[in-house]
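Chemist: These protein sequence lines are chains G and R, in that order.
Take the first sequence: its position 71, counting from 1, is numbered 71 in UniProt numbering, and each next residue is one higher.
Take the second sequence: its position 8, counting from 1, is numbered 8 in UniProt numbering, and each next residue is one higher.
Be a bit skeptical, because a hint or two may be false.
Listed next, with one range per pair, are the computed distances between beta-carbon atoms [said to hold, decoys possible]:
#1 G:GLY143 with R:GLY51: 31 to 41 Å
#2 G:GLU20 with R:LEU115: 20 to 30 Å
#3 G:SER81 with R:PRO137: 29 to 39 Å
#4 G:GLY143 with R:ASP273: 45 to 55 Å
#5 G:VAL237 with R:GLU262: 52 to 62 Å
#6 G:GLN122 with R:PHE252: 33 to 43 Å
#7 R:LEU120 with G:PRO64: 23 to 33 Å
#8 R:GLN37 with G:ALA170: 43 to 53 Å
Which chain R residues stay away from chain G? Per the calculated CB distances, all over 10 Å, these [said to hold, decoys possible]:
#9 VAL40
#10 PRO59
#11 PHE85
#12 ILE195
#13 LEU254
Part of the chain R face toward chain G, derived, beta carbon under 7 Å [claimed, not checked]:
#14 ALA35
#15 GLY67
#16 LEU180
#17 LYS182
#18 SER183
Keep in mind the hints are simulated off the structure, nothing from the lab.
Beta carbons are placed, not taken as given, at the ideal position from N, Cα and C, and that holds for glycine.
What follows is the residue order along each chain.
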Amino acid sequence: MSIGQETVLEANEARVVYNEDSDNPVEAVRSISLDLRKGEVLALVGPSGCGKTTLFNAIAGLIPLQGGRVSVGGIEVEKASGHVGYMLQKDLLLPWRSVIDNVTLGLEVRGKPKGEAKKIAQELIERYGLGGFEHSKPSGLSGGMRQRVALMRTLAFEPEVILLDEPFSALDFQTRILLQSDVKRIIREEGKSVILITHDIGEAISMANRIVVLTNRPATVKTVHEVPWGDEVTDPVAVRDRPEYQEMFSTIWQELELTNGQQGKTMKGAA
Amino acid sequence: MAMATDIGEAKKQTAAPPAPKRRPRNSTGRLRIMAYQVAVLIAIVAVWQIGLWTGTLKPYVYGTPWGVMQAFAEQIANGTLLRHFWVTGQEVIIGFVIGCSLGSLCGLMLWLSPLWAKILHPYMIALNGVPKIALAPLIIVWFGLGMESKIAIAAIITFIVAFLQAYKGTQEVDQDLIRLMKSLGATQWQTFRKIVMPGSVPWIVSALRLNVGFALIGAVVGEYISAEEGLGYMVYYAGQLYDLDSVWVGIFSLMFMALILEAVVARIEKMLDMEK
Numbered sequence: 001m002s003i004g005q006e007t008v009l010e011a012n013e014a015r016v017v018y019n020e021d022s023d024n025p026v027e028a029v030r031s032i033s034l035d036l037r038k039g040e041v042l043a044l045v046g047p048s049g050c051g052k053t054t055l056f057n058a059i060a061g062l063i064p065l066q067g068g069r070v071s072v073g074g075i076e077v078e079k080a081s082g083h084v085g086y087m088l089q090k091d092l093l094l095p096w097r098s099v100i101d102n103v104t105l106g107l108e109v110r111g112k113p114k115g116e117a118k119k120i121a122q123e124l125i126e127r128y129g130l131g132g133f134e135h136s137k138p139s140g141l142s143g144g145m146r147q148r149v150a151l152m153r154t155l156a157f158e159p160e161v162i163l164l165d166e167p168f169s170a171l172d173f174q175t176r177i178l179l180q181s182d183v184k185r186i187i188r189e190e191g192k193s194v195i196l197i198t199h200d201i202g203e204a205i206s207m208a209n210r211i212v213v214l215t216n217r218p219a220t221v222k223t224v225h226e227v228p229w230g231d232e233v234t235d236p237v238a239v240r241d242r243p244e245y246q247e248m249f250s251t252i253w254q255e256l257e258l259t260n261g262q263q264g265k266t267m268k269g270a271a
Numbered sequence: 001m002a003m004a005t006d007i008g009e010a011k012k013q014t015a016a017p018p019a020p021k022r023r024p025r026n027s028t029g030r031l032r033i034m035a036y037q038v039a040v041l042i043a044i045v046a047v048w049q050i051g052l053w054t055g056t057l058k059p060y061v062y063g064t065p066w067g068v069m070q071a072f073a074e075q076i077a078n079g080t081l082l083r084h085f086w087v088t089g090q091e092v093i094i095g096f097v098i099g100c101s102l103g104s105l106c107g108l109m110l111w112l113s114p115l116w117a118k119i120l121h122p123y124m125i126a127l128n129g130v131p132k133i134a135l136a137p138l139i140i141v142w143f144g145l146g147m148e149s150k151i152a153i154a155a156i157i158t159f160i161v162a163f164l165q166a167y168k169g170t171q172e173v174d175q176d177l178i179r180l181m182k183s184l185g186a187t188q189w190q191t192f193r194k195i196v197m198p199g200s201v202p203w204i205v206s207a208l209r210l211n212v213g214f215a216l217i218g219a220v221v222g223e224y225i226s227a228e229e230g231l232g233y234m235v236y237y238a239g240q241l242y243d244l245d246s247v248w249v250g251i252f253s254l255m256f257m258a259l260i261l262e263a264v265v266a267r268i269e270k271m272l273d274m275e276k
């Protein structure tokens, strides 16, 4: 599956302000414009607390914009309607449901008949290596397996865009690398368009096609980088051996350093 | 969220959801524990009896083990103990079932209306803080002297506890889960059915446990105030007559009833856990 020219998500000068009408409004996102092409993985990296998650919530339609617009599949986002699939650092599996019943959650919400939903879930579970665990409770699974179930729950209802909000940051190093390559492979195979939020520059470079570096809060787009190997190298471990990887890593690192430095200065200035 | 913590702070009687119990290692271990449990009982009776023999304990103040057994046999034979037991048992069970089911239901439903939750907030704190037994005289006036008033006391007290616990349970549901459901385009009712209700089950179950005690207190105090039958009446009446052996018979009967009810609740808890 290669990246198409078709744009599935577009943000145009999106702006989010909390408590706009109160005495101290908090501007979380100043102005973000970006586009996501079909089948593409776009990574957002930025200093912590810069408003990445706020942007996610706006894209999912969970919070309103105070300016600009976001559209998914050509339709402007006005409220949450299941057009995006969410995956967070917490797997958010329901402990009282078995693996398969967790995977069908999104389908149930959409009113899919139970039998059909189970069939879809069963297929996903088998295809991605959790066969035999469909009737286990999440408490019996490892962290990596749980995140995989969460990914399947997201894939099952076929959202147009998948939002990954630091999905691997709670895992140990080895599991993280393994899951990164699994997830990358799965989303490629399924032809999904993905926005990935991460703190981990290495993760961004090895998983994404393009990397958007954000400034401090209120967030704006600072730079955009395109990975030079396109879709040729898909293994996140192999990517790390490329000479361009190191170069890109240090460029982004410096850009982030710079924003952090500025933050330090403004904080001193304020004090 | 802020509100949930407020209630949490004001709450004294809420219990955290019970931690999973450890299974006894093997049956010999269980037998040994049972043997020790019997030994503890024998030890208590022995200390009591020795106290009486040495004259440290006066029989007219503490009763005697032998007297208790005699009173027990007598009251079993003439049927009075069973009658009192049955009356109190019905009051407790009916009150418990009404209070817990309605209370849990209302507590859960309150999640659907944040506005009403806000409106009711000070009332919930007040109800939580008041010693619920203080309501008993009022309820006797409203419901009369018969069994109905004791059922009502047990029901109202358990209602309050179940209501507050169930509502607290809904507030403890992970907000990210609710966000996830919203992002899926779920209606409020779907989120309620699929996330909030099952997520609150541990809190509702812990309310059941607390309420075994509260239902018993409600019924017995009701009987103290005014009644013609029931274990509470029996204990109170015997106490007035300094018939301490009968008082003990009543107390032991109440303990026995509490053990039975606890076992039933533990069973329900297990069933709900299996469903999980």
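Chemist: With 7 Å as the cut and Cβ atoms as the points, is GLY67 (chain R) at the interface with chain G?
Modeler: Status violated, d = 52 Å.
Chemist: Measuring Cβ to Cβ, find out whether ILE195 (chain R) lies farther than 10 Å from everything in chain G.
Modeler: violated (7 Å)
Chemist: Quick check: does the Cβ-Cβ distance between GLY143 (chain G) and ASP273 (chain R) fall within 45 to 55 Å?
Modeler: violated (23 Å)
Chemist: Evaluate the given range 31 to 41 Å for the C-beta pair formed by GLY143 (chain G) and GLY51 (chain R).
Modeler: With a Cβ separation near 59 Å, GLY143 (chain G) and GLY51 (chain R) fall outside 31 to 41 Å, so the hint is violated.
Chemist: Does the Cβ distance between LEU120 (chain R) and PRO64 (chain G) fall inside 23 to 33 Å?
Modeler: Check passed, 29 Å falls within 23 to 33 Å.
Chemist: Does the Cβ-Cβ separation between GLN37 (chain R) and ALA170 (chain G) fall within 43 to 53 Å?
Modeler: Hint holds: Cβ distance 44 Å, inside 43 to 53 Å.
Chemist: Does VAL40 (chain R) clear chain G by more than 10 Å, comparing its Cβ with all Cβ atoms of that chain?
Modeler: holds (36 Å)
Chemist: Measuring Cβ to Cβ, find out whether LEU254 (chain R) lies farther than 10 Å from everything in chain G.
Modeler: Per Cβ check, LEU254 (chain R) is outside 10 Å of chain G; nearest 35 Å; holds.
Chemist: Does LEU180 (chain R) meet its interface restraint, that is, does its C-beta lie within less than 7 Å of any C-beta in chain G?
Modeler: Cβ of LEU180 (chain R) sits 5 Å from chain G, so the hint holds.
Chemist: Min Cβ distance, LYS182 (chain R) to chain G: is it shorter than 7 Å?
Modeler: Given a least distance of 5 Å, the restraint on LYS182 (chain R) holds.
Chemist: CB of SER81 (chain G) to CB of PRO137 (chain R), is that within 29 to 39 Å?
Modeler: violated (56 Å)
Chemist: Please test the hint of 52 to 62 Å on the beta carbon pair from VAL237 (chain G) and GLU262 (chain R).
Modeler: holds (56 Å)
This entry does not satisfy hints 1, 3, 4, 6, 12, 14, 15, going by the numbered hints stated previously.
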